[in-house]
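With the hints as your guide, set chains B and U onto chain F.
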Amino acid sequence: MEPLIRLNNVSFSYPDENDTKIQLLENFNLEIEKGSFVSVLGHNGSGKSTIAKLFNGLNLPDSGSVTVNGMDTADESNMLSIRETVGLVFQNPDNQIVATIVEEDVAFGPENLGLPQKEIRKRVDEALKSVDMYDYRMHEPHRLSGGQKQRVAIAGIIAMQPECIVLDEPTAMLDPQGRAEVMDIILKLNRQLNKTVVLITHYMDEAAMADRVVVMDSGKIIADDTAKNVFSQVELLKSAGLDVPQPTELSYRLKKAGIGIDCDVLSVDECVDAITRKLLEE
Amino acid sequence: MLRDVTFGQYFPMDSFIHKLDPRFKILLTFGLIIVAFVSFNFYSLGLVAAFAVLIMILSGVPVKFYLKSIKPILIFVLITAVLNIFYISGETLLVEFWIVKIYLEGIIRAAFVAVRIVLLIIISSALTYTTSPTSLTDAIENLLKPISKLGVDTHSFAMMMTIALRFIPTLIEETDKIMSAQKARGADMETGSLMQKIKAVLPILIPLLVSSFRRARELADAMECRCYHGGEGRTRLKVLHASYRDAIALISSFILLSLVILLNILF
Amino acid sequence: MSVIRTENLNYVYSQGTPFKKAAITDVNINIEKGDFIGIIGHTGSGKSTLVQHFNGLLKPTSGKVYFNEEDVLSDPKKLRELRFKVGLVFQYPEYQLFDETVESDIGFGPKNMGLSDDEISQRVLEAAKIVGLSEELLKKSPFDLSGGEKRRAALAGVLAMKPEVLVLDEPTAGLDPYGRDMILDQICEYRKQTGATVLLVSHSMEDVARVAEKVLVMNGGRVEMFDTVEKVFSRGDELSKIGLNVPHITQIFMKLKAKGVKVSEGVFTMDKAVNELIALFEKEGKNA
Chain F
1 MEPLIRLNNV SFSYPDENDT KIQLLENFNL EIEKGSFVSV LGHNGSGKST
51 IAKLFNGLNL PDSGSVTVNG MDTADESNML SIRETVGLVF QNPDNQIVAT
101 IVEEDVAFGP ENLGLPQKEI RKRVDEALKS VDMYDYRMHE PHRLSGGQKQ
151 RVAIAGIIAM QPECIVLDEP TAMLDPQGRA EVMDIILKLN RQLNKTVVLI
201 THYMDEAAMA DRVVVMDSGK IIADDTAKNV FSQVELLKSA GLDVPQPTEL
251 SYRLKKAGIG IDCDVLSVDE CVDAITRKLL EE
Chain B
1001 MLRDVTFGQY FPMDSFIHKL DPRFKILLTF GLIIVAFVSF NFYSLGLVAA
1051 FAVLIMILSG VPVKFYLKSI KPILIFVLIT AVLNIFYISG ETLLVEFWIV
1101 KIYLEGIIRA AFVAVRIVLL IIISSALTYT TSPTSLTDAI ENLLKPISKL
1151 GVDTHSFAMM MTIALRFIPT LIEETDKIMS AQKARGADME TGSLMQKIKA
1201 VLPILIPLLV SSFRRARELA DAMECRCYHG GEGRTRLKVL HASYRDAIAL
1251 ISSFILLSLV ILLNILF
Chain U
2001 MSVIRTENLN YVYSQGTPFK KAAITDVNIN IEKGDFIGII GHTGSGKSTL
2051 VQHFNGLLKP TSGKVYFNEE DVLSDPKKLR ELRFKVGLVF QYPEYQLFDE
2101 TVESDIGFGP KNMGLSDDEI SQRVLEAAKI VGLSEELLKK SPFDLSGGEK
2151 RRAALAGVLA MKPEVLVLDE PTAGLDPYGR DMILDQICEY RKQTGATVLL
2201 VSHSMEDVAR VAEKVLVMNG GRVEMFDTVE KVFSRGDELS KIGLNVPHIT
2251 QIFMKLKAKG VKVSEGVFTM DKAVNELIAL FEKEGKNA
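Protein chains in written order, with the working numbering: chain F, 1 to 282; chain B, 1001 to 1267; chain U, 2001 to 2288.
Simulated from the structure, these hints should not be mistaken for laboratory data. Worth double-checking, as some hints may not be accurate.
[Stated by the list, open to error] Calculated cross-link-like contacts (lysine-lysine; reagent style DSS-like; alpha-carbon spacing at most 25 Å):
#1 K1149(B) / K1238(B)
#2 K1064(B) / K2139(U)
#3 K2021(U) / K278(F)
#4 K255(F) / K2259(U)
#5 K278(F) / K2272(U)
#6 K188(F) / K228(F)
#7 K21(F) / K2255(U)
#8 K1177(B) / K2078(U)
#9 K2064(U) / K1177(B)
#10 K1197(B) / K118(F)
#11 K278(F) / K2064(U)
#12 K2077(U) / K1197(B)
#13 K2283(U) / K1197(B)
#14 K228(F) / K2262(U)
#15 K255(F) / K2192(U)
#16 K2257(U) / K2272(U)
#17 K1177(B) / K2021(U)
#18 K2140(U) / K278(F)
[What the hints assert, rightly or not] Here's a subset of chain B near chain F, in silico, CB distances under 8 Å, partners left out:
#19 T1128
#20 S1132
#21 A1164
#22 L1165
#23 R1215
#24 E1218
#25 T1235
#26 R1236
We treat Cβ as the ideally placed atom computed from N, Cα and C, and that holds for glycine.
Okay, chain F solo, but in the shape it has when bound (with noise of 0.2 Å):
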């Protein structure tokens, strides 16, 4: 099946403040599959957040080509059909409300389609409702909590009923409870929507959720598989400047030290298992 979007041996570089060019990317390939949930993870400056934005044409490359749908975003005349295609979400919650009442917020991307005036109100409502947050329809976006105006944004994105949905470090900014509101939503746009989902983070325990995880070290992807097989490598993500769920690297410690316990091992549960299984056979 042709993927949902193809990056072909793309290369981009932006110029730094002494109009140096800095190399990002260069001949990366990536396929992301229609109806996936991939998580992209890597620190900040490993160009992830580049990639986000060459989903949908924001950033275009230097060469090799980004295909949605088998448009080229390159192509002027498929711009709208791409971001139609593909909807990012971006970090900062407050610099992508665009109106002063929610509704009207959720409202803009379906006005900017043209659609008919009942066809709006109704992707609007359903928008809101599915991010729980219809009962705040009429309320001020400036007076919201972080999550909550994250799930406006998120609103925004799903009323413009994209097949896509790349969400750029969406829960960097919020508060613990923020982000568990925005990463159950995120679940749902996969798993109840049908959408694809591109989720770009740092925080490993939300790569974890994906069925594929992409990690990238300076411009390259250093693992590409399914959670559980790329949190076992702990020493090749600690030498890309990342995490491991604690779970997994206490059982990585204990396997190290002699102790032969599971090591794929994600949640706190999985890790109670492995080490209560492993006491008993003793």
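Below, chains B and U alone, put in the same frame as chain F:
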């Protein structure tokens, strides 16, 4: 504190006044302000006041918020009133001491001016309390449409207004934060000469500007991601259209205007 | 010896307006010189409001705050001096950078203290060294630094005032693991060099577990717990009840204990967890 200001704030509710067509509300507000200024006697001004009270009640916004909006200009009202009391001369001398002479006409005139200013604030507050900034800008865009035929980009103007309104609270909050942060590093904004005070503003102004540019860049990206491409082919969630309510409001304001004129002539 | 002490501290936001809201209620705490305290709680639990009283940025609605046993509001003229002694690093401090060079930005605090130019540049260099900013970077505009470098430059701006008490409001928010580790290490380094008292406001239980010695838990504007890290994290159930999660490592030990495995309570660091489990397996191995 900056955030305690109520004037110009919107109260999301569902009252009769909230539901009026914002274009009509803007025109009505201007109309009422003019009527208040052409009311030459107590009967006509009283009638306008009664109408304003009716609007206040119909708007569903608690009266205390209207009172709060008057508070900041109370001093201005008092000064104008006092000046009128002292400077207007007339036939009925009430009090005289030293060089001050207070006439009945002066007091009447002062009362008139005070009531007018208060009415002005109440009427314009009623507009902003009951109309979301977005519908207000929509209405302005709509009312300015005739000008767009002359080549003026009214859509961009309205979009800019909306974004400005959206970011005012965010930037106020940010200013508060930056001020606290610089105070924590010993910044002194209260004392010193004028030059020193201007210099003391820089540690607040520069970060605020830098962050506004960053926000603008990010917002532009976010808007592009949501397929924004100017006003062309854009539809709206809320289409402005007049209803029976607007007709009622229109008729009653006509009656008001005629009564005011009638009262002005009669008395 | 007490360095900061509060007495029936209350603070109400927007007093006298319809938006008034109690932010902190009846706070009585005593912070000893040299303490390293993690302050945790939800957004709106009052933790940021509390720390802004310690340097006089906020004035209590009622109650008192003492610094070195002296009422901080007794002499308004001394308030500015207090701010140099109780250094406060705000959330996302990189957004307060303003000067032409990193050097002069870090020197802003010391300059406000009225120090000599030599003393200022001395302090700037010392602070820059702690946060790992090279001399070459000091000549750059702060706006040309990377995100992590900006954060560290802003931290240096407070460290250069050599505060006796260093208060940090979520210093690691939004940073990746590498940037986070670096900032936490630098805070510990400053403490080691100067013996300063450190208060770390954080949402991250893992951060607090790693560096702090005591934990202050705020909930709904009140102090819920104030004790050593071990004791607070051994009350995991109570923390969960107010919606705060203990570190995963602590959760693992709580669950092991619940299953009848003989492990201690309040384990919160990876090293301790690994050592304890290795010892346990060795013992079991011998028994088997």
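The hints, checked one at a time:
1. K1149(B) / K1238(B): Status holds; Cα separation ~23 Å.
2. K1064(B) / K2139(U): Judged against 25 Å, a Cα distance of about 55 Å means the pair is violated.
3. K2021(U) / K278(F): violated, 53 Å
4. K255(F) / K2259(U): holds, 22 Å
5. K278(F) / K2272(U): Cα-Cα ~19 Å, so holds.
6. K188(F) / K228(F): The hint holds at about 21 Å.
7. K21(F) / K2255(U): violated, 53 Å
8. K1177(B) / K2078(U): holds, 22 Å
9. K2064(U) / K1177(B): holds, 24 Å
10. K1197(B) / K118(F): violated, 55 Å
11. K278(F) / K2064(U): With a Cα-Cα distance of about 55 Å, the restraint between K278(F) and K2064(U) is violated, given a limit of 25 Å.
12. K2077(U) / K1197(B): holds, 18 Å
13. K2283(U) / K1197(B): Status violated; Cα separation ~71 Å.
14. K228(F) / K2262(U): Since the Cα atoms of K228(F) and K2262(U) sit roughly 29 Å apart, the hinted pair is violated (cutoff 25 Å).
15. K255(F) / K2192(U): Answer violated: K255(F) to K2192(U) is near 34 Å, above 25 Å.
16. K2257(U) / K2272(U): The hint holds at about 16 Å.
17. K1177(B) / K2021(U): Given pair K1177(B), K2021(U) holds - Cα atoms ~19 Å apart, limit 25 Å.
18. K2140(U) / K278(F): The hint is violated at about 56 Å.
19. T1128: Hint on T1128(B): violated, closest Cβ of chain F at ~12 Å, above 8 Å.
20. S1132: holds, 5 Å
21. A1164: Nearest chain F Cβ about 10 Å off; hint violated.
22. L1165: holds, 5 Å
23. R1215: holds, 5 Å
24. E1218: holds, 4 Å
25. T1235: holds, 5 Å
26. R1236: Result: holds, 6 Å to nearest chain F Cβ.
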